[in-house]
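**Student:** Chains Z and F supply the protein sequences, listed in that same order. Mapped onto this note's numbering, the consecutive letters of the first sequence carry residue numbers 647 to 785. Mapped onto this note's numbering, the consecutive letters of the second sequence carry residue numbers 74 to 255.
The set of hints was computed from the structure by calculation and includes no laboratory data. Keep in mind the model is a prediction, meaning the values are calculated, not measured. Careful, some of the hints might be misleading.
[Claimed, not checked] Taking CB as the label site, the calculated pair distances span:
no.: 1; chain 1: Z; residue 1: 687; chain 2: F; residue 2: 190; range: 25 to 31 Å
no.: 2; chain 1: F; residue 1: 156; chain 2: Z; residue 2: 695; range: 24 to 30 Å
no.: 3; chain 1: F; residue 1: 129; chain 2: Z; residue 2: 706; range: 40 to 46 Å
no.: 4; chain 1: Z; residue 1: 692; chain 2: F; residue 2: 232; range: 55 to 61 Å
no.: 5; chain 1: Z; residue 1: 668; chain 2: F; residue 2: 134; range: 51 to 57 Å
no.: 6; chain 1: Z; residue 1: 649; chain 2: F; residue 2: 225; range: 19 to 25 Å
no.: 7; chain 1: Z; residue 1: 659; chain 2: F; residue 2: 233; range: 34 to 40 Å
no.: 8; chain 1: F; residue 1: 174; chain 2: Z; residue 2: 697; range: 17 to 23 Å
no.: 9; chain 1: Z; residue 1: 685; chain 2: F; residue 2: 116; range: 27 to 33 Å
no.: 10; chain 1: Z; residue 1: 668; chain 2: F; residue 2: 222; range: 18 to 24 Å
Here a beta-carbon is modelled for each residue, glycine too, at the ideal position from N, C-alpha and C.
Chain by chain, the residues:
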Amino acid sequence: MNHDDQAIESVLTRYRPSGPPAQLGEQIFRLREKKPHRMWPAIAAAILLVAGAGLLWRQVVRPNVSVNDQEKLAQIEISVSQAGKAEQLLAVANILAGQPGAEDHAKGIYYEVINHYPNFKSQALGQLNHKFPSERRAE
Amino acid sequence: MRAKTETDSDDPRVVLETAYGKYGDDLYRYALMILTDHSAAEDAVQTAFMKTLKLGKRMLQIASLSDYLRIAVRNTCYAMIKKQRRLDNELKTKRVRPILEKLDEGSNEDERASIEQALCTLPVEQREVLHMKIYEGKTFEEIARMVGIPADTAASRYRYALGKLRQILGSEYQREDNRHES
Chain Z
647 MNHDDQAIES VLTRYRPSGP PAQLGEQIFR LREKKPHRMW PAIAAAILLV
697 AGAGLLWRQV VRPNVSVNDQ EKLAQIEISV SQAGKAEQLL AVANILAGQP
747 GAEDHAKGIY YEVINHYPNF KSQALGQLNH KFPSERRAE
Chain F
74 MRAKTETDSD DPRVVLETAY GKYGDDLYRY ALMILTDHSA AEDAVQTAFM
124 KTLKLGKRML QIASLSDYLR IAVRNTCYAM IKKQRRLDNE LKTKRVRPIL
174 EKLDEGSNED ERASIEQALC TLPVEQREVL HMKIYEGKTF EEIARMVGIP
224 ADTAASRYRY ALGKLRQILG SEYQREDNRH ES
């Protein structure tokens, strides 16, 4: 350590960095103390809110499916399934009706639809009469 | 091993409050010298203590709470500087509250202001070592251990800092020099 350094050190030691404001300690520990107490009501409120919203959703928003509705849904599913089958049969019958030698088979399919798929009876009858005028029969 | 505290309490909050009473002032001065701004120093000390408090009971296992807090404050200060690289320069011009206080009657306001300004021109690493050496009376070995650098590096940082201050405070230094000679 030379003389110059000692002189500078001497100047510096006439001062020192300022200390903290008086309220800093209180600020640190008061803030920290309050935090956990604020957390629990917030968590409890959040849980209640979620539970309440869930219940509300069940009661209001979500469709209320009863036993009757389930039966109706099953019926609808059956009808859709039958409609699909009837459409397929009619399509096959239409193709076969145009093929020489397959007319009888086509007629059999039309009659199958007429007899077993009441919702497609008139459609099948119409196509049968159109394809085979000789088979024309009243609805 | 239990934290070296002056209380037998097992409550981490009480332990830390006691530690604040004992080391808070020094840690604040240390942060102030690194950041050269009171608000930033308050934030750094507050953040470091809050993080330490979050350790809960684990805090009681810390071997030296004073060293731990010192490192926590230091890390927070350097993180703040890294986050806002311009902090040092901006604060030099915006400083309202002085960072130094007079210890004797022989000093004057102009001198204080020029020393303060000169300190702020030092690189933060040099200012930190200077603070620990001059204002905390630590040896280079102690500084080296706390800062995580070789003792030779700590010593050279200190010498560089003094050299730069000597350049800037030419007139102050000569005045002091004359006083010594007379």
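**Student:** Next, verify each hint and record whether it holds.
**Tutor:** Going through the hints against the structure:
1. Roughly 50 Å separates the CB atoms of residue 687 of chain Z and residue 190 of chain F, a value that falls outside the hinted 25 to 31 Å.
2. For the pair residue 156 of chain F and residue 695 of chain Z, the supplied restraint of 24 to 30 Å is violated, since their beta-carbon distance comes to about 36 Å.
3. Our hint of 40 to 46 Å for residue 129 of chain F and residue 706 of chain Z holds, since their Cβ atoms are close to 44 Å apart.
4. Separated by about 59 Å at the C-beta atoms, residue 692 of chain Z and residue 232 of chain F satisfy the suggested range of 55 to 61 Å.
5. At about 31 Å, the beta-carbon gap between residue 668 of chain Z and residue 134 of chain F misses the expected band of 51 to 57 Å.
6. Checking the proposed 19 to 25 Å range against residue 649 of chain Z and residue 225 of chain F shows it holds: the Cβ atoms sit about 22 Å from each other.
7. The hinted range of 34 to 40 Å is not satisfied by residue 659 of chain Z and residue 233 of chain F, whose Cβ atoms lie roughly 19 Å apart.
8. In this structure the supplied range 17 to 23 Å is violated for residue 174 of chain F paired with residue 697 of chain Z, their Cβ-Cβ distance being about 58 Å.
9. A hinted range of 27 to 33 Å for the beta carbons of residue 685 of chain Z and residue 116 of chain F is inconsistent with their spacing of about 23 Å.
10. For the pair residue 668 of chain Z and residue 222 of chain F, the beta carbons lie near 34 Å from each other, so the given range of 18 to 24 Å is not met.
Hint compliance for this structure: hints 1, 2, 5, 7, 8, 9 and 10 are broken, all remaining hints hold.
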